[in-house]
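Residue-level listing of the chains:
Number of protein chains: 2
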Amino acid sequence: MSLTQLRYFVAVAEEGSVSRAAQKCFVSQPPMSRQLRALEDELEVTLFHREPRGMRLSLEGTRFLEKARTILKLVDDLTPA
Amino acid sequence: MSLTQLRYFVAVAEEGSVSRAAQKCFVSQPPMSRQLRALEDELEVTLFHREPRGMRLSLEGTRFLEKARTILKLVDDLTPA
DNA sequence: GCGCTCGTAGATCAAATCGGTATTGGTCCC
DNA sequence: GGGACCAATACCGATTTGATCTACGAGCGC
Numbered sequence: 001m002s003l004t005q006l007r008y009f010v011a012v013a014e015e016g017s018v019s020r021a022a023q024k025c026f027v028s029q030p031p032m033s034r035q036l037r038a039l040e041d042e043l044e045v046t047l048f049h050r051e052p053r054g055m056r057l058s059l060e061g062t063r064f065l066e067k068a069r070t071i072l073k074l075v076d077d078l079t080p081a
Numbered sequence: 082m083s084l085t086q087l088r089y090f091v092a093v094a095e096e097g098s099v100s101r102a103a104q105k106c107f108v109s110q111p112p113m114s115r116q117l118r119a120l121e122d123e124l125e126v127t128l129f130h131r132e133p134r135g136m137r138l139s140l141e142g143t144r145f146l147e148k149a150r151t152i153l154k155l156v157d158d159l160t161p162a
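Which chain is which? The protein sequence lines are A and B, in order.
Under my numbering, think of the first position of the first sequence as 1, with each following residue one higher.
Under my numbering, think of the first position of the second sequence as 82, with each following residue one higher.
Hints were generated in silico from the structure; no laboratory data involved.
As the structure is a computational prediction, the values presented were derived from the model and not from experiment.
By construction, the Cβ of each residue, glycine as well, lies at the ideal position given by its N, Cα and C atoms.
Hints may contain errors.
[Said to hold, decoys possible] Partial pick of chain B residues on the chain A-facing surface, computed with a CB cut under 8 angstroms:
1) Met82
2) Ser83
3) Leu84
4) Leu124
5) Lys148
6) Thr151
7) Ile152
8) Leu155
9) Thr160
[Claimed, not checked] Just the calculated beta-carbon pair ranges, DEER-fashion:
10) B:Glu95 / A:Leu74: 16 to 22 angstroms
11) A:Leu74 / B:Gln104: 24 to 30 angstroms
12) B:Glu123 / A:Arg53: 34 to 40 angstroms
Sequences and hints are given; from them, build the entire structure.
Take a look at the structure:
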């Protein structure tokens, strides 16, 4: 698990779409999709339900989102530069 | 910044030596030294004072250590698997 | 039904990152 | 001076990451 994966995950959760999240993060969509899949594989949990319109958070995803946000906020506070 | 760098940093802080920390983390010494340097470069802060006997935490390093530990603990709680 | 759009996923390739080995330089102790 | 210990550098190979191209599926207007 990497901080990048956490950032990608939060972005997708907020945007409801990998495409939009990717634009927001200045990366392209396929790498972001792969990282999400890798994160789910590592956690052995389904974070999103894939739907035609985009991605919808699962129950576990919702729980994970809070923790991820907490961590990322702490990490950001680590570099006050 | 990466979680690996935070883990390396905490290990070195605990061991007082890159060599011992590297053994503990099952990596070799040079990569760990490099990651530490990269972390300091990114933070633009001296985390350790280099001494003949090993590494001694700086004042900023001590502050950073607490935050890093907090983050790593949260990250570990993320994967209860 | 036929395009068109929007969205995700897979394949492939190039670039960057990471770790390992070998080596150097410095300090301490005998 | 020689050996032990430690960090830093140089270099190389393997892994990972991201970009591009492409395929596939679902909705929408005609």
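For each hint, the structure was consulted:
Because the smallest distance between the Cβ of B:Met82 and any Cβ of chain A comes to about 7 angstroms, under 8 angstroms, the interface hint for this residue holds. The restraint placing B:Ser83 at the interface with chain A holds, with a minimum CB-CB distance near 6 angstroms, inside the 8 angstroms limit. Because the beta carbon of B:Leu84 sits about 6 angstroms from the nearest beta carbon in chain A, less than 8 angstroms, this interface hint is met. Because the closest C-beta pair between B:Leu124 and chain A is about 6 angstroms apart, less than 8 angstroms, the hint holds.
Given hint, B:Lys148 at the interface with chain A, holds; its Cβ is 6 angstroms from that chain's nearest Cβ, closer than 8 angstroms. Nearest Cβ of chain A to the Cβ of B:Thr151: about 6 angstroms, under the 8 angstroms cut. The hint holds. About 5 angstroms separates the beta-carbon of B:Ile152 from the nearest beta-carbon of chain A, less than 8 angstroms, and the hint is met. This hint holds: B:Leu155 has a C-beta 5 angstroms from the nearest C-beta of chain A, less than the 8 angstroms allowed.
For B:Thr160, the shortest C-beta to C-beta distance to chain A is roughly 6 angstroms, which falls under 8 angstroms, so the interface hint holds. With their beta carbons about 20 angstroms apart, B:Glu95 and A:Leu74 fall inside the hinted range of 16 to 22 angstroms. At roughly 29 angstroms, the beta-carbon separation of A:Leu74 and B:Gln104 lies within the given 24 to 30 angstroms, and the hint holds. A beta carbon spacing of about 38 angstroms between B:Glu123 and A:Arg53 agrees with the range 34 to 40 angstroms that was offered as a hint.
Figure legend: structure checked against the earlier numbered hints; every hint is met.
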